[in-house]
Amino acid sequence: MTIEFTLNGRRVTAQADADASLYQVLRALHIASVKCGCETANCGLCTVHMDGRAVLSCSVPAARVQEHDIVTLEGLQEEAKALGGCLADEGAEQCGFCVPGLMMNVLALARENPDATDAEIDAYLAGNLCRCSGYMGQRRGIRRYLDSLKGVRA
Amino acid sequence: MATYQNYVMAQSLEEAYALNQKKSSVIVAGNMWLRMCGLRRQTAIDLSGLGLDRVEETEDAFVIGAMTPLRALETHDALNRETGGAFAAALAPIVGTQLRNTATLGGSVYSRFGFSDVSTLLLALDAAVVLHHRGEVPLAVYQQEPWDRDILTHVRIPKGVRAGIVSVRQSKTDIPTLVCAAAMEPGGVRLVMGARPARAMIAAEGVDPDAPTAVFEEITQRVPLGGNLRASEAYRRKVAPVLLQRAARACVEGNHDD
Amino acid sequence: MKAVGMGVRKKDAMALTTGKPVYVADIAPEDCLVVKLLRSPHANAMIEEIDVSRAQRVPGVACVLTYRDVPKTRFTLAGQTYPEFSPYDRLILDRHLRCVGDPVAIVAAETEKQALAAMRLIRVRYQVLPAVLDAQEALDNPVLVHPEEDWHALVPDCGADNRRNLCATGEDADGDVEAELAACDVVIDQIYETKANQQCMMETFRAFTRCDAYGRLEVVSSTQIPFHVRRILATALELKKSDVRVVKPRIGGGFGAKQTAICEVYPAIVTVKTGRPAMIIFTREESMTVSSPRHAMRMHVRVGAMRDGSIRAIDLHTLSNTGAYGEHGPTTVGLSGHKSIPLYTHGLKAFRFHWDVVYTNTMSAGAYRGYGATQGLFALESAINELAHALHMDPAALREANMVREGERMPAYYGETAGSCAIDRCLARAKDMIGWDEKYPARTMPNGHVRAVGMALAMQGSGISNVDTGAVSIRLGDDGIYNMSIGATDMGTGCDTILAQIAAQSLDCDVDNVTVHGVDTDTSPYDCGSYASSTTYVTGMAVVRTCEVLRGKITRVGAQLLGAAPEDVCFDGDCVRRMDSEESVPLREIAQAHMTAGVEDLSACESNGSPISPPPFMAGCAEIDLDPLTGQVEVVDYVGVVDCGTVVNPNLARVQTEGGIMQGIGMALTENPEMNGRGRTVSNSFLQYKVPSRVDARSVRVAFESSYEQTGPFGAKSIGECVINTPAPAIADAVYNASGVRVRSLPITAEKILLGERE
Numbered sequence: 001m002t003i004e005f006t007l008n009g010r011r012v013t014a015q016a017d018a019d020a021s022l023y024q025v026l027r028a029l030h031i032a033s034v035k036c037g038c039e040t041a042n043c044g045l046c047t048v049h050m051d052g053r054a055v056l057s058c059s060v061p062a063a064r065v066q067e068h069d070i071v072t073l074e075g076l077q078e079e080a081k082a083l084g085g086c087l088a089d090e091g092a093e094q095c096g097f098c099v100p101g102l103m104m105n106v107l108a109l110a111r112e113n114p115d116a117t118d119a120e121i122d123a124y125l126a127g128n129l130c131r132c133s134g135y136m137g138q139r140r141g142i143r144r145y146l147d148s149l150k151g152v153r154a
Numbered sequence: 001m002a003t004y005q006n007y008v009m010a011q012s013l014e015e016a017y018a019l020n021q022k023k024s025s026v027i028v029a030g031n032m033w034l035r036m037c038g039l040r041r042q043t044a045i046d047l048s049g050l051g052l053d054r055v056e057e058t059e060d061a062f063v064i065g066a067m068t069p070l071r072a073l074e075t076h077d078a079l080n081r082e083t084g085g086a087f088a089a090a091l092a093p094i095v096g097t098q099l100r101n102t103a104t105l106g107g108s109v110y111s112r113f114g115f116s117d118v119s120t121l122l123l124a125l126d127a128a129v130v131l132h133h134r135g136e137v138p139l140a141v142y143q144q145e146p147w148d149r150d151i152l153t154h155v156r157i158p159k160g161v162r163a164g165i166v167s168v169r170q171s172k173t174d175i176p177t178l179v180c181a182a183a184m185e186p187g188g189v190r191l192v193m194g195a196r197p198a199r200a201m202i203a204a205e206g207v208d209p210d211a212p213t214a215v216f217e218e219i220t221q222r223v224p225l226g227g228n229l230r231a232s233e234a235y236r237r238k239v240a241p242v243l244l245q246r247a248a249r250a251c252v253e254g255n256h257d258d
Numbered sequence: 001m002k003a004v005g006m007g008v009r010k011k012d013a014m015a016l017t018t019g020k021p022v023y024v025a026d027i028a029p030e031d032c033l034v035v036k037l038l039r040s041p042h043a044n045a046m047i048e049e050i051d052v053s054r055a056q057r058v059p060g061v062a063c064v065l066t067y068r069d070v071p072k073t074r075f076t077l078a079g080q081t082y083p084e085f086s087p088y089d090r091l092i093l094d095r096h097l098r099c100v101g102d103p104v105a106i107v108a109a110e111t112e113k114q115a116l117a118a119m120r121l122i123r124v125r126y127q128v129l130p131a132v133l134d135a136q137e138a139l140d141n142p143v144l145v146h147p148e149e150d151w152h153a154l155v156p157d158c159g160a161d162n163r164r165n166l167c168a169t170g171e172d173a174d175g176d177v178e179a180e181l182a183a184c185d186v187v188i189d190q191i192y193e194t195k196a197n198q199q200c201m202m203e204t205f206r207a208f209t210r211c212d213a214y215g216r217l218e219v220v221s222s223t224q225i226p227f228h229v230r231r232i233l234a235t236a237l238e239l240k241k242s243d244v245r246v247v248k249p250r251i252g253g254g255f256g257a258k259q260t261a262i263c264e265v266y267p268a269i270v271t272v273k274t275g276r277p278a279m280i281i282f283t284r285e286e287s288m289t290v291s292s293p294r295h296a297m298r299m300h301v302r303v304g305a306m307r308d309g310s311i312r313a314i315d316l317h318t319l320s321n322t323g324a325y326g327e328h329g330p331t332t333v334g335l336s337g338h339k340s341i342p343l344y345t346h347g348l349k350a351f352r353f354h355w356d357v358v359y360t361n362t363m364s365a366g367a368y369r370g371y372g373a374t375q376g377l378f379a380l381e382s383a384i385n386e387l388a389h390a391l392h393m394d395p396a397a398l399r400e401a402n403m404v405r406e407g408e409r410m411p412a413y414y415g416e417t418a419g420s421c422a423i424d425r426c427l428a429r430a431k432d433m434i435g436w437d438e439k440y441p442a443r444t445m446p447n448g449h450v451r452a453v454g455m456a457l458a459m460q461g462s463g464i465s466n467v468d469t470g471a472v473s474i475r476l477g478d479d480g481i482y483n484m485s486i487g488a489t490d491m492g493t494g495c496d497t498i499l500a501q502i503a504a505q506s507l508d509c510d511v512d513n514v515t516v517h518g519v520d521t522d523t524s525p526y527d528c529g530s531y532a533s534s535t536t537y538v539t540g541m542a543v544v545r546t547c548e549v550l551r552g553k554i555t556r557v558g559a560q561l562l563g564a565a566p567e568d569v570c571f572d573g574d575c576v577r578r579m580d581s582e583e584s585v586p587l588r589e590i591a592q593a594h595m596t597a598g599v600e601d602l603s604a605c606e607s608n609g610s611p612i613s614p615p616p617f618m619a620g621c622a623e624i625d626l627d628p629l630t631g632q633v634e635v636v637d638y639v640g641v642v643d644c645g646t647v648v649n650p651n652l653a654r655v656q657t658e659g660g661i662m663q664g665i666g667m668a669l670t671e672n673p674e675m676n677g678r679g680r681t682v683s684n685s686f687l688q689y690k691v692p693s694r695v696d697a698r699s700v701r702v703a704f705e706s707s708y709e710q711t712g713p714f715g716a717k718s719i720g721e722c723v724i725n726t727p728a729p730a731i732a733d734a735v736y737n738a739s740g741v742r743v744r745s746l747p748i749t750a751e752k753i754l755l756g757e758r759e
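Chains as they are written, first to last, in the numbering used here: chain A, 1 to 154; chain B, 1 to 258; chain C, 1 to 759.
In short, the hints are calculated from the structure, not lab data. Just so we're clear, the structure is a prediction, and the values are computed from it rather than from any experiment. Worth double-checking, as some hints may not be accurate.
Said to hold, decoys possible - PhoX-like cross-link-like pairs, simulated, lysine-lysine; straight-line CA separation at most 25 Å:
(1) C:Lys-113 to C:Lys-240
(2) C:Lys-240 to C:Lys-72
(3) C:Lys-113 to B:Lys-23
(4) A:Lys-81 to A:Lys-150
(5) B:Lys-238 to C:Lys-72
(6) C:Lys-72 to C:Lys-241
(7) C:Lys-72 to C:Lys-273
(8) C:Lys-20 to A:Lys-81
(9) C:Lys-72 to C:Lys-113
What the hints assert, rightly or not - Partner residues aside, some chain B positions facing chain C, computed with beta carbon under 10 Å:
(10) Val-63
(11) Thr-177
(12) Ala-234
Idealized CB from N, CA, C, for every residue including glycine.
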């Protein structure tokens, strides 16, 4: 089947099997930031924004994105640099494989709850697994990023 | 991985219902569990274009579309106000926000998973399901039925019922090892046990939430429990009265994080 | 210029955090065949008949391979220096299937769907054999996991005997342990068990292969051991080693899992057979069920002490389950004793450490961070905590009285001396940070929960002494930058950056002036790979030595340009200066000079190996919250204080420690590898195998108490593995302090606590 949708602000047309997932479509479109870490919707590596909400692209049927708006980290490079810098200053990105999915969810959090406490950050991001960092460095980096946004708003 | 030959965006419930009468069809809801089950079907039917993703309020009930994501219920002010925060408490432990952004209420309720937090809470709240063909059916009935080819369109939750829900889990975001919910009724609380590890069921009704521990122990004895990867029957038996009592207390005192 | 000790960003940080295509699957050719494996449903079976004719006819299928199509040379997948301790007990495909998941056939097709469709059409008739699943029943069981004649062990010293299901056996002892134990006032005599935990790196096993322009096999793999992969593939495929090239790009975590060449042989043989590029990506299920988890161990510990708390004797027997194949079997077991018993060297009169490693019809084990030490330390540190209770002593006081001190010889650690050891400061600091004296042992909270603390010590090594080798080459480039080539494999740990920091410190330049890239066996200097906590210590020292040589060359060329004798000039990182005048020549001119009719190549390549393996040390303290009515445990705080010698990069060391502790917490509490009665792993996904999420342990705090290791680069030792070792024993004791229940088998589940007997 043919699906048409907006990807990072550009209209795209893609061919996909009836049972394809959005994840598969994005990888076929060379969206490299989107990773697959499990088959059970547990890891969060494939997180993208669909109509502004963070979703697991592995679980979104490709057909369902017809005429919808999809954003990946490729479309949020300025934010990625700012947030990525905060993580990097902690060494918290480590292997980096979980990071794009995490960042997509952090950016959703930043919109939804810019004043999130540490406990709220953890709860919001609980579906983003990381095996390297032990999460503490990620939390420090994310804290710093959210605080930096407040600086911008103030 | 589930495989289909066709993927149909249903234009109407009638169309979806007609397509779903074939054994070779399957309804795609949140597509969380479905894609994992290795199902091979001719036709996948998608209900996401039918406006079933809204929470509507009537005077005495919340009428929730089957395609409403769990996250919308978790963060729904009125729903949580009315229930004492039971929806937030029940849904927040489910994996992560991204999953709850697309996992649907209808998918959870239809599937009647043995580990469902959602069904456990809804059963306590005496919810009803609205089926396209059959109309309204109490969840207590639907919960015990085999999977059928009707289409679940809405879940109806009575207003003004406070509820409590507590669980034990291997880890904070795991499916529950055991989950118990309680809801306030005129004559006492209704107690429901889920992740027994079989489908959730009503354990007792009209129970005094301040009853002594022995009462909850006696209720547990009547509930069939089993063992699985997460815990033995013996563990569930020992912990069930504790959860029932805590759920009953949460019903009165409100739900909190742990 | 100071580089060592600075928390600089990882060199690849921005590429990783902005989602650039840098991993194996991101850079694979578009036309790669998709490789899938048909796997055995049985724990022990022979293939009686296999018919692939229908599968071969599926459109898009390039090849379907069975045991008839593969070379008959046995090999091991273990990434170890040749001759490997791990026996040569594998074929790429074998008629004899020795565990559930053992590969039956290799299918390669244009698309995944086609490969899966073809796989379903392969018809196999199995002769199902009885299986030995329980390690305790394996030795001398009539069911042999490896009855084949051509099984062979390259290192016979390890006692392997396939006719007994024995992968290794041995003993190491000092003094008369039985006599000493008999003379002790108190003897703790207990059995402890750990399971086959999964590393769960986020990027599953994967590799792609292709034929290069010279007809050689090029392998791009997510691996910790590129040079070993080259050798393993050449052996398995009966190719010349010179015909194999292995490239390691960025990799998505390893933790030891990728110290075994789990997946490379499959696409490699497809490329050899078809000439086509081929890629395999393990599913998470495959990564959880046919991979390289921790060796499950059953450890019998006897610790004897006098009433005053002096520990006199330790006896440890370890039974290790290597599974269906022997990867890392003979070596991991050694660490269970050699990296636990030496902690109590101080007044120890005698020890014995003996072991058996057995084959069973279960998933083959491999290398996982800690590599046997984690298991041994769970056992020994638990026993030490039990001893403290038996003696009515504070576990901290018991340790203070008995733990190894700097300068002491450690008979149980190959007789090495603890040349750098701040374990005493680590323990004192950890106690202070957790508030041990106020919190030990437990207190009841207003909500009825019990808060309790527990502690453990740990050690590890820094590389494998007399074996591990790391070479480094650095050359001066235009403008005075340095191009550094290493064969060590950054798997997210940041070793590229750490080694660059050591180079920058040695060359008096900014870290940004040192470039590093991934590993390519054609161009990188030899390195055994990143494992055994070797990179900072072993390869780091190679960096130091390389820089010394390079500095000498730069000085010489600078002197020539200044018309001076080399002994009359010095190099300060920016310029070579005459010591007797203001005259100097900047580095970029020196670089330019050697590129202009240059006769002296301004590059150096030095290798390093170490006769010793200086242990890093650590103290860990857990504070838990136990719900006594449900048995549920939450780690509310964990404190780890580490002596890794000089901390090269505090940020990366800290995150290593936090990450290691979190994995240790998972091993202690939630990660529960389970198999059914037919040998099938049922903890086969992240749904069923619960690695900690960020809400499972909310506080991990880390500090460093550094000793200075004279033989390490700028005083550094290792850190990567040591940090996973303390949580399990520390949490087990905290649970005991909270509940009176002693859990001696991991994981410590709510069920074991609630249904356990109070002691």
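Exercise for review: Return the numbers of the hints above that this structure violates; sort them in rising order.
Suggested key: Hints 1, 5, 9, 10 contradicted; others consistent.
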